[in-house]
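Student: Chains as they are written, first to last, in the working numbering: chain A, 255 to 416; chain B, 255 to 416.
Treat the hints as calculated values from the structure; they're not laboratory data.
All values reported here derive from a predicted model rather than from experimental measurement.
It is possible that some hints are incorrect.
[Stated by the list, open to error] So, partial list: chain A residues that the calculated Cβ filter (under 10 Å) puts toward chain B:
hint	residue
1	G294
2	H313
3	C340
[Stated by the list, open to error] Derived DSBU-like pairs: lysine-lysine, alpha-carbon spacing no greater than 30 Å straight-line:
hint	chain 1	residue 1	chain 2	residue 2
4	A	K281	B	K281
5	B	K292	A	K379
6	A	K389	B	K281
7	A	K357	B	K357
8	A	K393	B	K413
9	B	K281	A	K413
10	B	K357	B	K324
[Unchecked claim] Taking CB as the label site, the calculated pair distances span:
hint	chain 1	residue 1	chain 2	residue 2	range
11	A	Q330	B	A369	35 to 45 Å
12	A	H263	B	S328	30 to 40 Å
13	A	E411	B	R408	49 to 59 Å
14	B	I390	A	E406	30 to 40 Å
15	B	S262	A	Q330	19 to 29 Å
16	A	V415	B	S328	43 to 53 Å
17	B	F376	A	D412	50 to 60 Å
18	A	A368	B	K389	20 to 30 Å
19	A	P394	B	S280	21 to 31 Å
Ideal Cβ positions, reconstructed from N, Cα and C, are used throughout, including at glycine.
2 protein chains.
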Amino acid sequence: MEENHTESHAYFMREAIRLAREGMRSKEGGPFGAVVVKDGKIIGRGNNRVASTNDPTAHAEVVAIREACKNLGSFQLDGCIIYTSCEPCPMCLGAIYWARPEKFFYACTREDAAAIDFDDEFIYKELSLPLTERKIPAKPLLRNEALPVFEEWRVMEDKVVY
Amino acid sequence: MEENHTESHAYFMREAIRLAREGMRSKEGGPFGAVVVKDGKIIGRGNNRVASTNDPTAHAEVVAIREACKNLGSFQLDGCIIYTSCEPCPMCLGAIYWARPEKFFYACTREDAAAIDFDDEFIYKELSLPLTERKIPAKPLLRNEALPVFEEWRVMEDKVVY
Chain A
255 MEENHTESHA YFMREAIRLA REGMRSKEGG PFGAVVVKDG KIIGRGNNRV ASTNDPTAHA
315 EVVAIREACK NLGSFQLDGC IIYTSCEPCP MCLGAIYWAR PEKFFYACTR EDAAAIDFDD
375 EFIYKELSLP LTERKIPAKP LLRNEALPVF EEWRVMEDKV VY
Chain B
255 MEENHTESHA YFMREAIRLA REGMRSKEGG PFGAVVVKDG KIIGRGNNRV ASTNDPTAHA
315 EVVAIREACK NLGSFQLDGC IIYTSCEPCP MCLGAIYWAR PEKFFYACTR EDAAAIDFDD
375 EFIYKELSLP LTERKIPAKP LLRNEALPVF EEWRVMEDKV VY
């Protein structure tokens, strides 16, 4: 009987790890890789490309999600599974929530990432602090002028909700 | 004396709000806008483009940060200020932390966004939960096979740290 790798979680995670290693060795960015899978097929691949593309948002998961959504022609990853070589940072976890896949698998942890000097754990801690106590200051301004835009959205009839 | 709008925080926030309104009205996406400013000049503009580009990561702040970094030729926004028409969602706040601007201003709050049915507040709550208790399940897999990639990164000598 022929072995069917396409349904194996380990098979897809190994592809994510391979992308992490190759992207790192080719100097595209940090040691992170991810794939998005739907119906047993890879529909999006990503590796970290922050340094090579001067894009701080080009994390493996974001790159893979953008590619998968482009291939699906949708901003939602219904029924998809994401495999990432490291627990997502807050930015990537936010992206996962907006894309709404079914679930995700991760290999290394945020603590493993912190141990090689990535800020994931630091950013998780910052996000849990009140706006006024964070390292990057955040200040309110002109809420009264921005709220009418939200009200216009609320009553708009033919909007695409996401 | 001529009024110098370029140094006015309100001036830049009004541009972010204008982008939010225009992007919404032109059906590019939700009612959100953002600008990145350096030395009194706008170097990046963004509005939400999730629906029109099928990209769940195309939030106003992410679009503005990517454009600003492209213009600067850097993945860091040293000395920059971000003006966003709404308090950043966790994804965008993560992106801000990775880009490391000096500070940011926001107009509407995450509660205002929740009031018009955006998931910002929901995602903030999810991120603070342990991985095992979240709505989108996350499962560990093959950490032992991914850790050697991190170790290879740790001892690499000519890497670009970000």
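Student: Run every hint past the structure and note whether it holds.
Tutor: Structure-based check of each hint:
1. G294: 17 Å, violated
2. H313: This hint holds: H313(A) lies near chain B, its Cβ roughly 8 Å from the closest one there, short of 10 Å.
3. C340: Nearest chain B Cβ about 7 Å off; hint holds.
4. K281(A) / K281(B): 38 Å, violated
5. K292(B) / K379(A): Cα-Cα ~27 Å, so holds.
6. K389(A) / K281(B): Answer violated: K389(A) to K281(B) is near 35 Å, above 30 Å.
7. K357(A) / K357(B): Since the Cα atoms of K357(A) and K357(B) sit roughly 34 Å apart, the hinted pair is violated (cutoff 30 Å).
8. K393(A) / K413(B): 35 Å, violated
9. K281(B) / K413(A): 7 Å, holds
10. K357(B) / K324(B): 19 Å, holds
11. Q330(A) / A369(B): 35 to 45 Å: Cβ of Q330(A) to Cβ of A369(B): about 23 Å, so the range 35 to 45 Å is violated.
12. H263(A) / S328(B): 30 to 40 Å: 38 Å, holds
13. E411(A) / R408(B): 49 to 59 Å: 55 Å, holds
14. I390(B) / E406(A): 30 to 40 Å: Hint holds: Cβ distance 31 Å, inside 30 to 40 Å.
15. S262(B) / Q330(A): 19 to 29 Å: 39 Å, violated
16. V415(A) / S328(B): 43 to 53 Å: 35 Å, violated
17. F376(B) / D412(A): 50 to 60 Å: 25 Å, violated
18. A368(A) / K389(B): 20 to 30 Å: 25 Å, holds
19. P394(A) / S280(B): 21 to 31 Å: Holds - the Cβ-Cβ distance for P394(A) and S280(B), about 27 Å, lies within 21 to 31 Å.
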